[in-house]
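> What follows is the residue order along each chain.
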Amino acid sequence: MKSPNEINIIKMKNISKIYDNGAVALDKVDISIKRGEFVFIVGTSGAGKSTFIKLLLREILPTSGLLLVNGYDINKMPRHEIPYLRRSLGVIFQDYRLLPNKTVYENVAFAMRVIESPRRLVLRSVNSVLDVVGLRAKYKCFPSQLSGGEQQRVAIARAIVNNPSLIIADEPTGNLDPETSWEIMDIFQRINAAGTTIVMATHDKTIVDTMQKRVLAIENGCIVRDEASGGYGYEA
Amino acid sequence: MKLRTTEYFVKEVAASLKRNNWMSLASIGTVTISLFILGLFLMVVVNLDRMASTLESQVQISVYLKDDITKKQTDSLEEKLSSLQGIDTVKYISKEDAMKRFSERLGDQKYLLSALDDTNPLPNAFEITVKDPQLVKTASKEVENFPGVDTAVYAQDVVEHLFDLTRLVRLIGLSIIVFLAGATIFIISNTIRLTVFARRKEIAIMKYVGATDWFIRWPFLLEGVVLGFIGSNIAVILLRLAYIALTQKIYDMMTFFPLIPLYPFLTYVTIIIILSGIVIGALGSVISIKRFLEV
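Just so you know, the sequences run in chain order A and B. Number 15 in the numbering used here belongs to position 15 of the first sequence; there are no gaps in the numbering. Number 205 in the numbering used here belongs to position 205 of the second sequence; there are no gaps in the numbering.
These aren't lab readings, by the way, just hints derived from the structure by calculation. Don't be surprised by glycine CBs; every beta carbon is placed ideally from N, CA and C. Do not rely on the hints blindly, as some may be mistaken.
Capping the alpha-carbon separation at 25 Å, the derived lysine-lysine pairs in PhoX-like fashion look like this [stated by the list, open to error]:
| # | chain 1 | residue 1 | chain 2 | residue 2 |
| --- | --- | --- | --- | --- |
| 1 | A | K54 | B | K201 |
| 2 | A | K140 | B | K290 |
| 3 | B | K290 | A | K76 |
| 4 | B | K11 | A | K140 |
| 5 | A | K138 | B | K201 |
To list a few chain A residues with every Cβ distance to chain B over 12 Å, as calculated [to be verified]:
| # | residue |
| --- | --- |
| 6 | I18 |
| 7 | S32 |
| 8 | W182 |
| 9 | I187 |
| 10 | D209 |
Bound conformation, chain A alone (with noise of 0.2 Å):
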């Protein structure tokens, strides 16, 4: 059912989600994303961003179309294959989602641990990536005695020390002033650049337009915007 040689990382034909209250989240929606592609999803809240990411990580389900993500079918799926799929990916989110009780390091071992890895591959993995982020001398530190910013790299962290093909960002500067994003920002391109597909959620103008990336917007349930190197379109 896997086949992750494929050009294309994401592929939707067709899709569709309509919510059990009749709500057309997304409508139709014919898009393909290829290996190492840096794409940016934005449009208004409630236009369907939320439901595209979900869908990507198979926490729903599409009501019609085929949607192949990593070389994964996520209609014909069976339920105890979700966990593999998920550690191909990794996540971030606008609200970090880190464990209060855990340091840095553990934050960004859990990952790494609850699929079984290796302790001595977890141990040089995770001081790898907190070198990528620029935490490593933070190792001890508690997510409360962090930065808003330096939180979200910690999240970072914790998405690619498992070496996932494909990162989903969803409003990841969301929280952040301007000068942090692009902090984060300049993170994510520095792991594009080593081959990883990142795809991003964001309502963030300045970033848009600056990256002159691929752009997909999405209104009312369908994209209305596929620029190979677009701006944000909207005013902010």
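Please arrange chain B on chain A, whose structure you already have, making use of the hints.
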């Protein structure tokens, strides 16, 4: 399961028991109380059951013989009775034996017999016991038709009431046990639910980074099992003390009361109660975590 994962689970359980110390104590307490009551009922039911079957098996049919039959007829009757199906023992009681027994039973009131002068109004008789108490009724009917038999009587009411009573005790005991088991599962599942709730963010993160359902479930299952195990062990200690004290008291008053001897009975009770504690703990946690896994 890998060793370091097991180590991780054990740490998680210890931390969780410590974090919810009061709730943990409360659930251990409820497990103890429930299983103690459950165990008491079990002991009472099993003992009553045994008492009933002892009494049942002691029910005998008295076959009174006509006065005018010969020794030869008596012998052939004995043979015939012995060859009946389901008959356990056949014992001949001559009228002299019967008189002797009767006078012994009268004790201090033996003087009453002097009113009979030297006549003996008691008939010769056979006392027969059957293997299955259910057979008493049919056997006595059959025997009454044998030649030379006057009447065959047994304690009909006693036997039938005994059957009703044992059935009732079993039924009540069983319903109470089922009810208590349900209540205990409910209480444990609530305790585990607190742990699950306290760790719901952690569980969500575990799901996002690709932990399997079983990996997430294990620590909670283990916590439930530990609570059930500790609670049931305390219950077992209390039950053992209670049963030993109780049998002692009863034997002091009634030496031949048909109680079940301490061993191996207490060993069986221990095994049953501890296994129940473990199963109840596991069930409780499985119920409470099911909902939280749907991420």
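> Look at each hint and say if it fits the structure.
How the hints compare with the structure:
| no. | hint | result |
| --- | --- | --- |
| 1 | A:K54 <-> B:K201 | holds, 17 Å |
| 2 | A:K140 <-> B:K290 | violated, 34 Å |
| 3 | B:K290 <-> A:K76 | holds, 23 Å |
| 4 | B:K11 <-> A:K140 | holds, 20 Å |
| 5 | A:K138 <-> B:K201 | holds, 23 Å |
| 6 | I18 | holds, 20 Å |
| 7 | S32 | holds, 24 Å |
| 8 | W182 | holds, 26 Å |
| 9 | I187 | holds, 19 Å |
| 10 | D209 | holds, 30 Å |
Hint violations for this structure: number 2 only, all remaining hints satisfied.
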